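With the hints as a guide, bring the two chains together.
Each chain, written out:
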Amino acid sequence: MTDRLMHHALPVAVMALAIVLIWYLGALWLNGPQVTDALNRSGQDWGMREFVTQAFTMRRPVLPTPDQVAVELYTSMTSHPVGHIRNLLYHTGVTAGAALLGAAMGVVLGILLAVGIVHLRTLESSLLPWLIASQTIPILAIAPMIVVILGNIGFSGLLPKAFISMYLCFFPITIGLIKGLRSADPLSQDLMRTYSATGSQTFWYLRLPSALPYLFTSLKIGVAASVVGTIVAELPTGGQAGLGARLLTGSYYGQTVQIWAALVMSAVLSLTLVALVGAAERLVTRAHGGRR
Amino acid sequence: MKTSPWPLILLAVPVFPIAADQGQALYLWQVPIAALCFLVSLAALAGQGMIRAREWRIPVQLIGVAAGYALPLLLLGQGYQLSSAAGLWLHVAAATLLLWVALGLVAELPRPQNMLGPALFGLALLMLWEVLTRGFEVPRVLLPPPSGILGAFFSHGAELWYDFHQTVVRSVLRGYVIGCAAGFAVAILADRIPFLARGLLPLGNLASAVPVIGIAPIMVMWFGFDWQSKAAVIVVMTFFPMMINTLAGLKSAEKMQLDLMRSYAAGYWRTLFLLRLPTALPFLFNGLKINSTLALIGAIVAEFFGTPVVGMGFRISTEVARMNLDVVWATIAVAAVTGSAFYGLIALAERHATAWHPSFRKR
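One line per chain: the protein sequences are A and B, in this order.
My numbering runs 198 ahead of the 1-based position in the first sequence.
My numbering runs 61 ahead of the 1-based position in the second sequence.
Be careful, since some hints might not be right.
Said to hold, decoys possible - Computed list of lysine to any residue pairs in SDA-like fashion (alpha-carbon distance at most 20 Å, straight line):
| hint | chain 1 | residue 1 | chain 2 | residue 2 |
| --- | --- | --- | --- | --- |
| 1 | B | Lys316 | B | Lys350 |
| 2 | B | Lys312 | B | Asn347 |
| 3 | B | Lys350 | A | Leu329 |
| 4 | A | Lys377 | A | Phe401 |
| 5 | B | Lys316 | B | Pro255 |
| 6 | B | Lys350 | A | Leu326 |
| 7 | B | Lys350 | A | Leu307 |
| 8 | B | Lys350 | A | Ala331 |
| 9 | A | Lys418 | A | Leu307 |
| 10 | A | Lys377 | A | Leu310 |
| 11 | B | Lys350 | A | Trp328 |
| 12 | A | Lys377 | A | Leu321 |
| 13 | A | Lys377 | A | Leu307 |
| 14 | A | Lys418 | B | Leu264 |
| 15 | A | Lys418 | B | Asn266 |
| 16 | A | Lys418 | B | Leu262 |
| 17 | B | Lys312 | B | Pro343 |
| 18 | B | Lys350 | A | Gln333 |
| 19 | A | Lys418 | A | Trp328 |
| 20 | A | Lys377 | A | Leu298 |
| 21 | A | Lys418 | B | Leu267 |
| 22 | A | Lys377 | A | Ser332 |
| 23 | A | Lys377 | A | Ser398 |
| 24 | B | Lys312 | B | Leu250 |
| 25 | A | Lys418 | A | Leu298 |
| 26 | B | Lys350 | A | Ile419 |
| 27 | A | Lys418 | B | Trp330 |
| 28 | A | Lys377 | A | Asp388 |
| 29 | A | Lys418 | A | Gly349 |
| 30 | A | Lys377 | B | Asn347 |
| 31 | B | Lys316 | B | Leu342 |
| 32 | B | Lys350 | A | Leu310 |
| 33 | B | Lys312 | B | Trp330 |
Said to hold, decoys possible - Estimated spans, in silico, between C-beta atoms of each pair:
| hint | chain 1 | residue 1 | chain 2 | residue 2 | range |
| --- | --- | --- | --- | --- | --- |
| 34 | B | Gly138 | A | Ala331 | 30 to 36 Å |
| 35 | B | Ser208 | A | Gln438 | 34 to 40 Å |
| 36 | B | Gly218 | A | Val269 | 50 to 56 Å |
| 37 | B | Ile239 | A | Pro231 | 22 to 28 Å |
| 38 | B | Ala242 | A | Pro264 | 27 to 33 Å |
| 39 | A | Trp227 | B | Arg383 | 39 to 45 Å |
Just so you know, the hints here were simulated from the structure itself, not pulled from any lab data.
As the structure is a computational prediction, the values presented were derived from the model and not from experiment.
Just so it is clear, CB atoms sit at the ideal spot from N, CA and C, and this is done for glycine as well.
The following block holds chain B by itself, in its conformation from the complex (with noise of 0.2 Å):
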């Protein structure tokens, strides 16, 4: 098994501060805690490249990982600063390489196991932000570490909870309901009438390409301040999508199944229930998830233009003039949640719903 070379970057360590108190600069033999996660990281690196079997190495070089990513915490605990250590980053970029090793292995695992690489790539991404974030002392107004995004949730807890509420619940749920079920019914209406359909697809080719987001101003002057204005927005930026996406499915079905239905008797309306939407089936779905990113978009942009002192974009918008910038990323956090949660949901219908289709069968 061939071993990438990079991660013995780590044997050079020693040769550089791995702190410094008060400008003195300190060395491995000199700080405790650094020497013992140095050996540790040091023994994994060996011991993994010894280990035959996949499924041990990947625990042995996380171990190794690990403690080079927990190193800078724990001397930033004990009061030591880290921005001209630079042992202590080789350490710390040595542990980045040897995890890229690992996440190699994870790749070639088979299906349910492979899944860790992502959750590991995230993982490693938040701890490397803590880490330099705090080690360089990047200014909070710039970027917060995200213990310290963490913090704000416990802090604003229950404003972050009010702001989704009246983002999410109050004006997403609502607007996106409305306008895929607008979308919905003119395509079955236009589906009907072909006069209309051939009217109606270049204007929503159209809606596609322009920059729907700009009436925000004008539906927040017609409906208020309040969730309506919003809605409003998401109703008609979640229009046409779904609208194209549905007169597409319908389209869908394929010439002998409706021979078939023909030939069974079925009208017009069994044959939509039971043959025509059931094959527009995964359109619909992609219609669904691509409006429900474009609903929380429309919201919160919505909510620049005026809201009532409650909202996501409200919050960011104002916490971003007094610098708050913990509270701001952790709105954005929320609304990321959100925003994701709401598209695997989706997805997820999607997988039950549309079992049958060749893009869900095992290969």
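Isolated chain A, as found in the complex (with noise of 0.2 Å):
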């Protein structure tokens, strides 16, 4: 127990109290000039405790430090009923909806894809090479066009942005898929073959059950990537809703304590989503006889 403790725990504390320590460090030395400026035209004598804590309480900081951050957080998720728009949390709902959507949508998309690359040559030899070429396109970067030329035809809200997601999530899926439906044991398809099983029997008892934990792997890229092409899909859509917009109307106003917020608010949920795959990954592969 100690010697786990020792060799996790120990350095990964160490490290996050550096971080937070060169954080306060950082938020002194960045915010310094501001504040050196308002102290020298107040007027007033100063000296290294007025800076400090100037420092670490101004409204709109170059570096806000953690405790403001914290404080921002509760605040914005207190301060106004859950369903409101001034609530971040109505925002993270916003994006979480959107990123799951998204989600669902690359996975259906990503199972169908494999599916076909597996049992069809043709589609093998001819597609899979532009579908490795489509994801060194920048499509984060076109996302928010994508967003407006479908709010030109008419789909609005959620959709363009699950959109995104979708063409982030399948393609992992989609790799991994093929990989695990072609990692069946040799020796089980001969068996299954000696049953003289049907090739969707073999694919629903056989190969589907070996591809699950490559299904899994890749789905927990997958949600992260969706949940990434959500924020950055809301960021055209100016200020309305979600944590994307959350941080384009913090950059606009200057509001640098709310784009932390909003900043850390995603990073909590992507490690949630990833949170609740690994979770279901267990609870199928437990329901599957859990080798693992």
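Put into structure tokens, the structure is as follows:
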């Protein structure tokens, strides 16, 4: 137990502490010039003490301190009712909804493509290279445009954002699943043949279960990617709702504390979704007689 | 050799109108160019069924496909309307199905020739895009045809070049080099001090699940509108993937090999340069490849938060607002080609540097 503590918890704790320390020092350094200006203008004598308190409590700091961000997180979640537009949880909910819808669409598309590519040779040789090339295209960069175009056709709200999430999400799933569907043990495949199982039986009883670990690993990557996609897609909607809109309004009005709070919230959202996928993985592998 | 029956839907083409002239439906025999293309496709379809040798079958099929795809463009050139011409679209569909058969044959060719498959697939996709957007008169605001995008390259060439220079040469390359070098250096340091590695690795895994791109507005605020802020975003985005991959690579040397180096009395640095870094190369290249796409994304997204009046992200956001979709798509094409070329160059370098690796050996 102590060994485990020394090996894992301690380095992480020290590193986290170091980051917090650097953060505070950075706040001093980055906020310093403005604070010095303000204090000089006030005309009073000031020393180190006033300088530090000023630097850590600025209203629009260049770099807010961790405690300022924590306070902003707390107030933005409690000062208005949960469904209110000024509540951070509302924006998180909007982003989470679009990200989940996009991830769901991405999973469906990813599975369809993977199954098609595994079963049709023509598709593998002609489509797969383009799928790989499609991911070297910075789709995130054109995300805002897709939102605008879909908006012109009449799709607005959740769907354009989900569409971009889907584009980011499907690829890891397709690639992981292609590998997974081909990972069935040849011995087991021979066994299925001796049972004279049909193609679809082999698929449902052997190939799909053996692909599940691969599916979940890719799903974790895909879900994290879909959150990123949703946030970027929210940028051009011009401050309506969502964590991306929060980032944008924060940057327009110089509300750095709000940006950092939205940033922390998006990290929490992303980690929560990944953890949920991990929990689902444990449930499913246990139901399948969990070898892991 | 079994043949797919689906391209035979071509036979139904004469039953439906092939084009329309001021609302009046025209049939195949009334438009000579259409009749010609139809006969070419028909002859190709019949001919490819009779030919045994695969290497002759494919070109014959492709001639039939080309006739099917060329016809709508020729008709549009003569001023006909196509949106209600069922026969024409049936012809295009038959050509696509014939292409599918050809792609199946190409896939079975030996190694260098089968690269033709993806190329044909991409070309067909472009042709279908052109034919469908122009045939059905899709508004240019929604989706311009590829020819319109190509036109934007000529009319806005200088702008596109300046954007490319600002975004790729000034922001992406610098940020990428700094970020990858920093990740690599910290990984080497962390490898020497295991305490550091144990603290940094969970942090790195965390960073891969977190939308790092969100720091873009902060960086723009700190470093201003020019390339420095974009490079800063890229440095933060590329740092952790590079560090994680380098650390994993440095651990990939086998115990036996390390023992051998010890028995040669090689010190830390010699072991590092002669054994551990070479074995880490596949991992290093993996990190470099992941980062190549991340870097371009980081720069363009950061430009949405503010730039001088040049740059690919700036161009996309302003031209969308002005409904100049041709230019937007041209910029996207530049980004796509840049991203693919960047990735391809690194993959090529990887092939040369790690030719010994099992994944590149000939089977």
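Each hint tested on the structure:
For the suggested pair Lys316 of chain B and Lys350 of chain B, the alpha carbons sit about 28 Å apart, so the restraint of at most 20 Å is broken. The suggested pairing of Lys312 of chain B with Asn347 of chain B holds, with an alpha-carbon distance near 15 Å, which does not exceed 20 Å. For a cut-off of 20 Å, the pair hint linking Lys350 of chain B to Leu329 of chain A stands: about 16 Å separates their Cα positions. For a cut-off of 20 Å, the pair hint linking Lys377 of chain A to Phe401 of chain A stands: about 14 Å separates their Cα positions.
Our distance criterion of 20 Å between C-alpha atoms is met by Lys316 of chain B and Pro255 of chain B, whose separation comes to about 18 Å. Restraint check for Lys350 of chain B and Leu326 of chain A: the C-alpha separation of about 18 Å stays at or below 20 Å, so the hint holds. At most 20 Å may separate the alpha-carbon atoms for a hinted pair to count; Lys350 of chain B and Leu307 of chain A exceed this at roughly 25 Å. A C-alpha spacing of about 13 Å is found between Lys350 of chain B and Ala331 of chain A, which places the hinted pair at or below 20 Å, so the restraint holds.
Among the hinted pairs, Lys418 of chain A with Leu307 of chain A is consistent with the structure: their alpha-carbon atoms are about 16 Å apart, no more than 20 Å. Proximity of Lys377 of chain A to Leu310 of chain A is assessed by CA-CA distance (about 14 Å); at most 20 Å being required, the pair is judged to hold. Proposed proximity of Lys350 of chain B and Trp328 of chain A is supported: the alpha carbons are some 17 Å apart, at most 20 Å. Between Lys377 of chain A and Leu321 of chain A, the direct Cα distance comes to roughly 16 Å. Compliance with the 20 Å bound is thereby established for this hinted pair.
Of the pairs offered as hints, the one joining Lys377 of chain A and Leu307 of chain A holds, with about 16 Å between alpha carbons and a cut-off of 20 Å not exceeded. Distance hint between Lys418 of chain A and Leu264 of chain B is fulfilled; the C-alpha atoms sit about 17 Å from each other, no more than 20 Å. In summary, the hint linking Lys418 of chain A to Asn266 of chain B is supported, as the alpha carbons are separated by about 12 Å, within the 20 Å threshold. The straight-line distance between the Cα atoms of Lys418 of chain A and Leu262 of chain B is roughly 18 Å, inside the 20 Å bound, and the hint therefore holds.
For the given pair, Lys312 of chain B sits about 12 Å from Pro343 of chain B by alpha-carbon distance, which is consistent with the 20 Å threshold. Taken as a hint, the Lys350 of chain B and Gln333 of chain A pair is honoured in the structure, with Cα atoms around 11 Å apart against an allowance of 20 Å. For the given pair, Lys418 of chain A sits about 23 Å from Trp328 of chain A by alpha-carbon distance, which is inconsistent with the 20 Å threshold. Of the supplied pair hints, the one linking Lys377 of chain A and Leu298 of chain A is violated, its CA atoms being roughly 24 Å apart against a limit of 20 Å.
The suggested pairing of Lys418 of chain A with Leu267 of chain B holds, with an alpha-carbon distance near 12 Å, which does not exceed 20 Å. Only pairs whose Cα atoms come within 20 Å are accepted, and Lys377 of chain A paired with Ser332 of chain A is accepted, the gap being roughly 19 Å. A hinted pair counts as satisfied when its Cα atoms are at most 20 Å apart, and Lys377 of chain A with Ser398 of chain A qualifies at roughly 18 Å. As the CA atoms of Lys312 of chain B and Leu250 of chain B are separated by approximately 13 Å, the hinted pair is consistent with the 20 Å bound.
A threshold of 20 Å between alpha carbons decides the hint, and for Lys418 of chain A with Leu298 of chain A the separation of about 12 Å falls inside it, so the pair holds. For the proposed pair Lys350 of chain B and Ile419 of chain A, the alpha carbon gap of about 17 Å is at most 20 Å, so the pair holds. Our distance criterion of 20 Å between C-alpha atoms is broken by Lys418 of chain A and Trp330 of chain B, whose separation comes to about 38 Å. With a C-alpha separation of about 19 Å, the suggested pair Lys377 of chain A and Asp388 of chain A falls inside the 20 Å cut-off, and the hint holds.
A hinted pair counts as satisfied when its Cα atoms are at most 20 Å apart, and Lys418 of chain A with Gly349 of chain A does not qualify at roughly 29 Å. Taking the CA atoms of Lys377 of chain A and Asn347 of chain B, the gap is about 18 Å. The hint holds against a cut of 20 Å. As the CA atoms of Lys316 of chain B and Leu342 of chain B are separated by approximately 17 Å, the hinted pair is consistent with the 20 Å bound. Taken as a hint, the Lys350 of chain B and Leu310 of chain A pair is broken in the structure, with Cα atoms around 27 Å apart against an allowance of 20 Å.
Among the hinted pairs, Lys312 of chain B with Trp330 of chain B is consistent with the structure: their alpha-carbon atoms are about 15 Å apart, no more than 20 Å. For the pair Gly138 of chain B and Ala331 of chain A, the beta carbons lie near 31 Å from each other, so the given range of 30 to 36 Å is met. In this structure the supplied range 34 to 40 Å holds for Ser208 of chain B paired with Gln438 of chain A, their Cβ-Cβ distance being about 36 Å. Between Gly218 of chain B and Val269 of chain A the beta carbon distance is about 52 Å. The supplied range of 50 to 56 Å therefore holds.
A hinted range of 22 to 28 Å holds for the C-beta pair Ile239 of chain B and Pro231 of chain A, which are about 25 Å apart. Evaluation of the 27 to 33 Å hint for Ala242 of chain B and Pro264 of chain A yields a pass: the beta carbon distance comes to about 29 Å. Separated by about 41 Å at the C-beta atoms, Trp227 of chain A and Arg383 of chain B satisfy the suggested range of 39 to 45 Å.
In summary, the numbered hints that this structure violates are 1, 7, 19, 20, 27, 29, 32.
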